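Engineer: Chain order of the listed sequences is A and B. According to this note's numbering, the stretch in the first sequence is residues 2 to 209, in order. According to this note's numbering, the stretch in the second sequence is residues 2 to 209, in order.
Mixed in with the good hints, there may be bad ones.
To be verified - In silico negatives: residues of chain B with every beta carbon more than 10 Å from chain A:
{"#": "1", "residue": "Glu37"}
{"#": "2", "residue": "Ser39"}
{"#": "3", "residue": "Gln48"}
{"#": "4", "residue": "Asp110"}
{"#": "5", "residue": "Thr124"}
{"#": "6", "residue": "Gly128"}
{"#": "7", "residue": "Gly145"}
Stated by the list, open to error - Listed next, the in silico DSS-like pairs over lysine-lysine satisfying Cα-Cα at most 25 Å (straight line):
{"#": "8", "chain 1": "B", "residue 1": "Lys112", "chain 2": "B", "residue 2": "Lys125"}
{"#": "9", "chain 1": "A", "residue 1": "Lys125", "chain 2": "B", "residue 2": "Lys83"}
{"#": "10", "chain 1": "A", "residue 1": "Lys159", "chain 2": "B", "residue 2": "Lys120"}
{"#": "11", "chain 1": "A", "residue 1": "Lys77", "chain 2": "A", "residue 2": "Lys120"}
{"#": "12", "chain 1": "B", "residue 1": "Lys125", "chain 2": "A", "residue 2": "Lys120"}
{"#": "13", "chain 1": "B", "residue 1": "Lys83", "chain 2": "B", "residue 2": "Lys120"}
{"#": "14", "chain 1": "B", "residue 1": "Lys125", "chain 2": "B", "residue 2": "Lys77"}
{"#": "15", "chain 1": "A", "residue 1": "Lys142", "chain 2": "A", "residue 2": "Lys159"}
{"#": "16", "chain 1": "A", "residue 1": "Lys125", "chain 2": "B", "residue 2": "Lys120"}
{"#": "17", "chain 1": "A", "residue 1": "Lys112", "chain 2": "A", "residue 2": "Lys77"}
{"#": "18", "chain 1": "B", "residue 1": "Lys83", "chain 2": "B", "residue 2": "Lys105"}
{"#": "19", "chain 1": "B", "residue 1": "Lys142", "chain 2": "B", "residue 2": "Lys159"}
{"#": "20", "chain 1": "B", "residue 1": "Lys142", "chain 2": "B", "residue 2": "Lys112"}
{"#": "21", "chain 1": "B", "residue 1": "Lys125", "chain 2": "B", "residue 2": "Lys106"}
{"#": "22", "chain 1": "A", "residue 1": "Lys106", "chain 2": "B", "residue 2": "Lys159"}
Said to hold, decoys possible - Chain A stretches covered by chain B per the calculated footprint, using a threshold of three residues with CB under 8 Å from any CB of chain B:
{"#": "23", "segment": "14-21"}
{"#": "24", "segment": "33-40"}
{"#": "25", "segment": "101-115"}
{"#": "26", "segment": "187-193"}
{"#": "27", "segment": "200-208"}
Bear in mind the hints are in silico, worked out from the structure with no lab data behind them. Nothing here was measured: the structure is a model prediction, and the numbers come from that model. Note that the Cβ used here is the ideal one computed from N, Cα and C, for glycine as well.
2 protein chains.
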Amino acid sequence: MENGCISPAVAARLPRYHRYLSALLENSATRVSSNELSSMMGVTASQIRQDLATFGAFGQQGYGYGVEYLHGEISKILGVDKPHRLVIIGAGNIGRAIACHGLKKLGFDVKALFDTDKKLIGTKICGTPVYAVASLSGYLKALGADIAVIAVPAAAAKSAAELVFSLGVRAVWNFTNVDIDAPEGGLVENVHLTDSIMTLALRLNLLR
Amino acid sequence: MENGCISPAVAARLPRYHRYLSALLENSATRVSSNELSSMMGVTASQIRQDLATFGAFGQQGYGYGVEYLHGEISKILGVDKPHRLVIIGAGNIGRAIACHGLKKLGFDVKALFDTDKKLIGTKICGTPVYAVASLSGYLKALGADIAVIAVPAAAAKSAAELVFSLGVRAVWNFTNVDIDAPEGGLVENVHLTDSIMTLALRLNLLR
Numbered sequence: 002m003e004n005g006c007i008s009p010a011v012a013a014r015l016p017r018y019h020r021y022l023s024a025l026l027e028n029s030a031t032r033v034s035s036n037e038l039s040s041m042m043g044v045t046a047s048q049i050r051q052d053l054a055t056f057g058a059f060g061q062q063g064y065g066y067g068v069e070y071l072h073g074e075i076s077k078i079l080g081v082d083k084p085h086r087l088v089i090i091g092a093g094n095i096g097r098a099i100a101c102h103g104l105k106k107l108g109f110d111v112k113a114l115f116d117t118d119k120k121l122i123g124t125k126i127c128g129t130p131v132y133a134v135a136s137l138s139g140y141l142k143a144l145g146a147d148i149a150v151i152a153v154p155a156a157a158a159k160s161a162a163e164l165v166f167s168l169g170v171r172a173v174w175n176f177t178n179v180d181i182d183a184p185e186g187g188l189v190e191n192v193h194l195t196d197s198i199m200t201l202a203l204r205l206n207l208l209r
Numbered sequence: 002m003e004n005g006c007i008s009p010a011v012a013a014r015l016p017r018y019h020r021y022l023s024a025l026l027e028n029s030a031t032r033v034s035s036n037e038l039s040s041m042m043g044v045t046a047s048q049i050r051q052d053l054a055t056f057g058a059f060g061q062q063g064y065g066y067g068v069e070y071l072h073g074e075i076s077k078i079l080g081v082d083k084p085h086r087l088v089i090i091g092a093g094n095i096g097r098a099i100a101c102h103g104l105k106k107l108g109f110d111v112k113a114l115f116d117t118d119k120k121l122i123g124t125k126i127c128g129t130p131v132y133a134v135a136s137l138s139g140y141l142k143a144l145g146a147d148i149a150v151i152a153v154p155a156a157a158a159k160s161a162a163e164l165v166f167s168l169g170v171r172a173v174w175n176f177t178n179v180d181i182d183a184p185e186g187g188l189v190e191n192v193h194l195t196d197s198i199m200t201l202a203l204r205l206n207l208l209r
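From just these sequences and the hints, can you work out the full model?
Structural biologist: Next up, the structure:
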């Protein structure tokens, strides 16, 4: 199948499918019906059958879907069947939390953190080494990394992103509250914590 | 104005307006035109004028908007003109990062973390005390808190959320990769880190 054929709506649901199938795999489930997935995920069974059919996975009457097969197919579409290499720019609280978040088992191998703080350089955080930002260029050339996590103070966010993009990183996972522009051929995915808590506050205020 | 009159589309943009206006305030800006906001935010100036008019803020020709006034009005709509009280359940890496994220200046006062780890109980993280989960009930009754951050291991996520909702917390900010159901009158805002990085991987895969 052509990846380009996935509709944005299906694409938005794929990470959730992957998450539930990963949990099933961890629990050694071998098969799952669309009805079971439906009650777990709060999506209608017909929606699930339709979604999964768009990338060629058809459940069998009375059997359902093979969990491992389905997990593997969705992993391929998500591109996590082969490991991604990540670097984290900024070894502060957010950078540390990402380094320690266990992303490796999801296919995201955090290779190094980079910081300007001499007290941190040379240490390890959850087993991952912290290097000087000054060595980023050489490091990326030697090792390659396709994703950079931006977890620096807001004032340094844009320059950090420009730097990693200029060094060949194609994707930025942005944890700062700064909106970062992606260059052509690059992309930015945001985790705007402050926007998220503001949304929570607004919803709480509207609930009153 | 009635809060209930905000359209979902405008509501979704409000945290961003608040974020840009906060930055302007920090830089001691007193006024801003819709054109300036437009170029900063990448939203058309007419969209901005229309959005801001929905809650009664009208810029003046040749003057623009008063930054402090606009920031104050948006703060009121978001409900962050009065401080929220937060507790964080789980003092692991994510819980620590939230405790140290400087949310207080945004109007979110992190009062305490709660954990089951005896090594952490009694310590402080970025100035915020860590208490035993067993003392949560008494603490919430005494102090009150309207928002609980759920930053526990996945297996404990649902029970932690049920506990805080049963103790009168009305909003959960969920950092686990578990989907949590809100009871009637309660709400859940998710920061699903694994879904976010999976989305990044998918976008990267589609880009190839």
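Engineer: Now, for every hint given, state plainly whether the structure supports it.
Structural biologist: Verification of the hints:
no.	hint	verdict
1	Glu37	holds (15 Å)
2	Ser39	holds (13 Å)
3	Gln48	holds (16 Å)
4	Asp110	holds (12 Å)
5	Thr124	holds (15 Å)
6	Gly128	holds (13 Å)
7	Gly145	holds (14 Å)
8	Lys112/B <-> Lys125/B	holds (11 Å)
9	Lys125/A <-> Lys83/B	violated (40 Å)
10	Lys159/A <-> Lys120/B	violated (38 Å)
11	Lys77/A <-> Lys120/A	violated (40 Å)
12	Lys125/B <-> Lys120/A	holds (21 Å)
13	Lys83/B <-> Lys120/B	violated (34 Å)
14	Lys125/B <-> Lys77/B	violated (32 Å)
15	Lys142/A <-> Lys159/A	holds (21 Å)
16	Lys125/A <-> Lys120/B	holds (21 Å)
17	Lys112/A <-> Lys77/A	holds (22 Å)
18	Lys83/B <-> Lys105/B	holds (11 Å)
19	Lys142/B <-> Lys159/B	holds (21 Å)
20	Lys142/B <-> Lys112/B	holds (13 Å)
21	Lys125/B <-> Lys106/B	holds (19 Å)
22	Lys106/A <-> Lys159/B	holds (22 Å)
23	14-21	holds (count 5)
24	33-40	violated (count 0)
25	101-115	holds (count 6)
26	187-193	holds (count 4)
27	200-208	holds (count 9)
Hints 9, 10, 11, 13, 14, 24 from the list above are not met by this structure, while the remaining hints are.
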